[in-house]
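From first to last, the protein sequence lines are chains A and B. Per the working numbering: the first sequence = residues 1 to 657. Per the working numbering: the second sequence = residues 1001 to 1099.
Hints should not be assumed to be uniformly reliable.
[As the list claims (entries may be wrong)] Simulated restraints, written as ranges between beta carbons of each label pair:
1) B:I1067 - A:F188: 47 to 55 Å
2) B:A1066 - A:L26: 46 to 54 Å
3) B:V1028 - A:I618: 41 to 49 Å
4) B:F1012 - A:V609: 54 to 62 Å
5) A:V71 - B:I1067: 34 to 42 Å
6) B:I1067 - A:D610: 50 to 58 Å
7) A:I618 - B:Y1019: 39 to 47 Å
8) A:F21 - B:A1066: 36 to 44 Å
[What the hints assert, rightly or not] Partial list, derived from the structure: chain B residues whose beta carbon lies under 7 Å from chain A:
9) I1018
10) V1021
11) L1022
12) L1091
13) D1092
14) D1095
15) M1097
16) K1098
[Stated by the list, open to error] Not close to chain B: a few residues of chain A, all C-beta gaps over 10 Å, as computed:
17) Q61
18) H72
19) Y575
20) G615
21) L649
Keep in mind that the hints were calculated from the coordinates and are not lab data. Every value quoted in this text rests on a predicted model; they were computed, and no experiment measured them. Glycine included, each C-beta is placed from N, C-alpha and C at the ideal position.
One letter stands for each residue in the lines below.
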Amino acid sequence: MADKAWLIPLLPALSFFVILFFGKKLPKGGSESGILAVGTSFVLAVIVAAQWISQGEIVDQHLTWWTNGKVHITIGQHVDGLTAMMFVVVTFVSLMVHIYSTGYMHGDVRFTYFFAALSLFTSSMLFMVLADNLLQLMIGWELVGLCSFMLIGHWFEEKNNSSAALKAFFTTKFGDVGLMLGTITLFFAAGQTFHIETINRLALDHGISHGLLLAGALLLFLGVMGKSAQFPLHIWLPDAMAGPTPVSALIHAATMVVAGVYLVARAYGVFWEGFSIGHGGLNWMAFIAGITMIIAAALAFVQDDIKRVLAYSTVSQLGYMVAALSVGAWTAGVFHLFTHAFFKGLLFLGSGSVIHAVHSNNMSEMGGLKKYMPTTYWTFVIATLALAAVFPFAGFWSKDEIILGAVKNGYPYIVVLGLIGAFMTAAYMGRCVFLTFHGEYRGHGHPHESPRSMTVPLVLMAIPSALIGLINMPGVEKFTDWVRFEVPGLRTPFEIPEHKFNPGLALLSLAIAVAGLLVAAMVFYWKNAPAKGAWTRVPAFRALNTFLVEKYYLDHIFVGGVVGSIKGPIARAAYWVNQNVIDGVVNAVGVGTKAVGRFTYDVIDQKGVDGVVNGIGIGASETGGVLRLVQSGRVQQYALMLFAAVGLLGLALILFT
Amino acid sequence: MPITQYLLLSAFLFCTGIYGVLARRNGVLVLMSIELMLNAVNINLVAFSARLSDAAGQVFALFVIAIAAAEVGVGLAIVLLIYRNRVAVNLDEIDLMKG
Chain A
1 MADKAWLIPL LPALSFFVIL FFGKKLPKGG SESGILAVGT SFVLAVIVAA
51 QWISQGEIVD QHLTWWTNGK VHITIGQHVD GLTAMMFVVV TFVSLMVHIY
101 STGYMHGDVR FTYFFAALSL FTSSMLFMVL ADNLLQLMIG WELVGLCSFM
151 LIGHWFEEKN NSSAALKAFF TTKFGDVGLM LGTITLFFAA GQTFHIETIN
201 RLALDHGISH GLLLAGALLL FLGVMGKSAQ FPLHIWLPDA MAGPTPVSAL
251 IHAATMVVAG VYLVARAYGV FWEGFSIGHG GLNWMAFIAG ITMIIAAALA
301 FVQDDIKRVL AYSTVSQLGY MVAALSVGAW TAGVFHLFTH AFFKGLLFLG
351 SGSVIHAVHS NNMSEMGGLK KYMPTTYWTF VIATLALAAV FPFAGFWSKD
401 EIILGAVKNG YPYIVVLGLI GAFMTAAYMG RCVFLTFHGE YRGHGHPHES
451 PRSMTVPLVL MAIPSALIGL INMPGVEKFT DWVRFEVPGL RTPFEIPEHK
501 FNPGLALLSL AIAVAGLLVA AMVFYWKNAP AKGAWTRVPA FRALNTFLVE
551 KYYLDHIFVG GVVGSIKGPI ARAAYWVNQN VIDGVVNAVG VGTKAVGRFT
601 YDVIDQKGVD GVVNGIGIGA SETGGVLRLV QSGRVQQYAL MLFAAVGLLG
651 LALILFT
Chain B
1001 MPITQYLLLS AFLFCTGIYG VLARRNGVLV LMSIELMLNA VNINLVAFSA
1051 RLSDAAGQVF ALFVIAIAAA EVGVGLAIVL LIYRNRVAVN LDEIDLMKG
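Here chain B stands alone, though its shape is the one from the complex (with noise of 0.2 Å):
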């Protein structure tokens, strides 16, 4: 199977991670975003991986996947704290560090 094909579910993923990033408003769905862009990362890891027959690339991809999980965590409860403040996640409403 060529790579090109991975190549280009990951550039889909990670162009609908940006998307998601820069349109959304809700800050969940933000966080979930960057996951995607974060899985995008892991594919062509994993696929310059197996193409390669180098080991490295997966290991990498594992490491992201800990730390993406760790990210989220972090990110969660800072929007759970936001919530419990504002009653809303909507992040265009949230600019205390304006200027």
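Looking at chain A on its own, in the form it has when it is part of the complex (with noise of 0.2 Å):
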């Protein structure tokens, strides 16, 4: 079966040009070819997984797509744990997310086309999934870039989410420079090859100079600091909520957005090499990642919008999973990946349940919401758990097997970051649930829970989010074996070769955690608690509070300091070269130039250059004047001439030799 995998990205292609042609006849919209497309992908992809695990082989094959010289283009599939991980939460998120749509997209204007783009979506994700070469890979990296601009534009019409749609396509494109850069720097520095499977090969042989890896390296890393939103490039993930919430969930939380973390994963020989990972100490990686948690994690806090605070919370959780592979973690990594997946899938399905009920995405028109919509609550507060890393929900197991991974290799900073940033989710996801969910309503009309085809999927989704990290829990470790990474043929010198559960730190983590989550219900929760309103009262946080909201200034530097200070002083000191010194240059020329002008007009131009040209002129004009003759118009005359001129030369021809 595992051969055939790549009849898990074919379906929903296939459901795609259904939707496309015959969705607007079909009873349901196209929702129901999505759903077929994607629920058997689903099935395949759980068959193709029970038979990794059961087997264990590898498939690495490839159909030559064309050739040029010795460089063979190839198209292919390579099915290993990783590949089948993906698959499995790709389809997984994507049919929750088909079935959630039908409810939440009712009654919209472009519904078909929102099914098909959802169907393109997925079907390009399992795509990229299954490459074996970085070519097909970027090829799918490309198309779920373009599906996530027409998703984020779903509503067009409104200025913001247009905008908002071009400044995600563009932030993205700006990384995939570096993607593409990379890919070919790689493709040359391996021997002409696009094969990942080689590439790791060689780069962890040393068949590659570490000059050229690291090169390769930092420009692939800059594609995935686009598509992950890695600090600075971040910018464009809050902005791409204004997407419909189903999409937010499926492409910029559980699938799209971790694309980048997928390269890193799936090429890591580069990357280890490149970086040099087994030494510890400080990389570029690691470094970046480390911003990334904990300033993200620090934006959540200030957001009024439901949606951009999970947003941020997924920047975050993505600065967790590149940290924990630029710290060699790389089981780590991925677990956190396929946990994230779930909980913060059906964090933003949750999210988009109260935005249905309420219709406003700002938690100060909530509150309250927990009698109205229980099983939106209790789905909401597991995922929150789980995203906590409370113990023993899904978050839990993977995030502290990053801390572990880090504390083992030698990156104390990334411990200390770490554990920040756990007491920061947990308390900015404590405020999330506080503001939204408890309190007096502050909304308008009747909330109401949302129909069964939108309440089933959160229930589905909070199953995998509080009992999936079981499968990595120490005696367990299912997860070590399944996913893991290998090159046939080469022992690969990151296998965490004893992966220890360590209870002292697991506890520290968990009491992190609940400290969160009480600082949080002392600030916005108990009524009298000493601190409640504390954050609104003291004026350093009202300061910190400002700077937050205004994003670090971030995009006031992208467009004021960039582009302003083109404008501003810049504009102004060049303004002044150009009066002062180079205007008094240019007049000193001037007059120097009108001189020898006047002595060149006089003698040259008039007399020799125009002597010349009208000699020329009139020598033409009377040419053409005889030659006007010729071109009576008629053609039998220029036939004439023609076979006149071919029997003069048949004639010559004849004569001279």
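Using the hints, put the two standalone chains together into the complex.
Laid out in structure tokens, this is it:
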């Protein structure tokens, strides 16, 4: 079955065309086609995963697409644990989102279009995951970017939405330049091949010089920063929340944004050797990931829009995944990707359910929704606990492994930042839950529980969010077995040989998470707690608040700093230089030129040049007058000249040979 | 049969064609004369093909026939348009391109 894995991306692709051409004629507007295709893909993905678990054979096949000299451009499939895991995650979340969307998007003007784009997205993502070479991966990568653009701008009638779509597109494209250059670098470094396994093998076997690997890794990582929203290219992700909420759940939380993480995990040989991850200390990837974790978590604190809270949370969690990979904890990073997809997808779907009920994104218009929407509330709480890494929910196990990996491989600053980040995560998620579901209802109208088509996916997502972490708990550790980085015939240096659960560390991170939730409760929940309202009362906090609301003034730096400084002082300085220096020179040159020009005009131009030019002109005119007679406009005269010339040439041929 | 007879026939046809192209005033007849010239070429091609036992010449002749058909189609279309505009197809009256 695993060698038929290409069916998994193919089915949603077919569904895309079915919806595109027949969607509006289908009784449910095309949604049934998408659900059927993705559902079948999910079943196939589970079969592939089961087969991988029982047999553990890597499938690596390709067809030659086209050949140019000795370069073979191929299209192929590489199925191993990572691929199978991604298949299951993508198809599962996509299936849930498809079902959920039938409720959420009910009655939307572009219902059919929405489902077509969802199918195309699912197909592209699966195609990217399936890729055995960088070129194919890049095709899938760009396709998901395109779908993301289409879906962020789904309601493009509003200027904000189309601007957000453009911002997302341009920011990620900026990173993609790096991806492309990195791919080219590695293509030549590895002897003209895009094949990822070969590149990994050469990288780990020291078949490529370190300088080239570093260049390749840095360039590829630029692509990762764009796609996986790492600082400072994270700015697009919060704005991407302009899209419909199911899209945020599928694309901007669970699947597309982890494409960057997936790329790092897939081509890990390059990153491992390029950034010298095995040596500990500071590397570029860990540096970026560490910053991302913290700054995004801080931003999540001050957002009023519930989806933006979750968006910044996603950025922060992506930071965790990249951090895990940057410290050599490959399994931990991939495991966090796996668990995060479930609970973050669930959080977004839950927030969508809330938005559906109160018709607003703002938490200031929510509150007290617990009694109106019990299913949404409880599933949201499960996801929150999973994200806040509370025992025994999914996030606890994966986050713990990341921190453990950082401890073992000698990255103390990642440990510290990771623990601080864990505290902040728990606190902002606590704030989000308390503001949304507790206290008094502050909105308008009467909130109501969402229809079954939305609550059923919530419940189905809540189950893995709660329990999936257990597959890698100490004593079980199945995930480590199933999903591993493998290059056949080569011992990979970063296998974590003894993954020992550390109870002390786990207890510490649990305590930190609970402390975070308690702080949030003190500030936002308990009425009589002394810290209630401290966030707005204390001036220092207020200043911090403003600083964060303005997103560290990053957008201002990008727009005002780069664009504005060019407009302001630099432009004025340029003007002064222009007026005084350049103009002086120009004027002096002008006077001199004028004198020379006068002489040139009188003597050289009027007499010399004009004479020649006029002579030529008259000559041409006279010649033309004569030749004009030939241009009679009569076809037969032309033909006569033609035949006469041929006759003369024929005669010449006979006479002179 | 010596090849000269074919070549003579072909030369005769070609000269007739040239005469027609140069001397005739009617556009349709000029087009027909062009066809004569093309067929003279065809006779040459086939004659040499038979003599050298090489089928390529005949293939060429087939191509020439096909192209000639297309050419005359376009030519007649042009003649028709001229006729529609001027109610005559005398080539010596058509000198709009006179320099």
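Each hint, compared with the structure:
no., hint, result
1, B:I1067 - A:F188: 47 to 55 Å, "holds, 49 Å"
2, B:A1066 - A:L26: 46 to 54 Å, "holds, 49 Å"
3, B:V1028 - A:I618: 41 to 49 Å, "holds, 45 Å"
4, B:F1012 - A:V609: 54 to 62 Å, "holds, 60 Å"
5, A:V71 - B:I1067: 34 to 42 Å, "holds, 40 Å"
6, B:I1067 - A:D610: 50 to 58 Å, "holds, 53 Å"
7, A:I618 - B:Y1019: 39 to 47 Å, "holds, 42 Å"
8, A:F21 - B:A1066: 36 to 44 Å, "holds, 40 Å"
9, I1018, "holds, 6 Å"
10, V1021, "holds, 5 Å"
11, L1022, "holds, 5 Å"
12, L1091, "holds, 6 Å"
13, D1092, "holds, 6 Å"
14, D1095, "holds, 3 Å"
15, M1097, "holds, 4 Å"
16, K1098, "holds, 3 Å"
17, Q61, "holds, 45 Å"
18, H72, "holds, 37 Å"
19, Y575, "holds, 56 Å"
20, G615, "holds, 23 Å"
21, L649, "holds, 15 Å"
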